[in-house]
Amino acid sequence: MPPLETIPFLRPLQGPLDAEIEAAERSWSEWLAMEDWMVGPRAPDVLQDSSSLNSRPRSARG
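In terms of the UniProt record's numbering, the sequence shown opens at residue 1 and continues consecutively.
A few of these clues could be false.
[To be verified] The calculated label-pair distances, taken between Cβ atoms and stated as ranges, are:
1. Pro3 - Ala23: 38 to 46 Å
2. Pro2 - Ser29: 37 to 45 Å
3. Pro41 - Arg11: 17 to 25 Å
4. Pro41 - Glu5: 36 to 44 Å
5. Gly40 - Pro2: 34 to 42 Å
Hints are computed from structural coordinates only; laboratory data are not their basis. Values in this document were obtained by computation on a predicted structure and should not be read as measured data. Cβ atoms here follow ideal geometry from the backbone N, Cα and C, with glycine treated the same way.
Construct all of the structure, not just a fragment, from the sequences and the given hints.
Next up, the structure:
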């Protein structure tokens, strides 16, 4: 690699609030049709359940 080139990297968020993460997910969802990239408590039910029969519609979430 030439000496003036660098390797880009991402730094983890420093103390993000849930509201900030949820706002980012909503804005990304405007152009990103699939939401399988969401993790943790915000993950779609179909990724958490072994069967889609057990999943709830997004509007039924609490």
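Are there hints from earlier that the structure breaks, and if so, what are their numbers? Going through the list in order, the structure violates no hint and respects every one.
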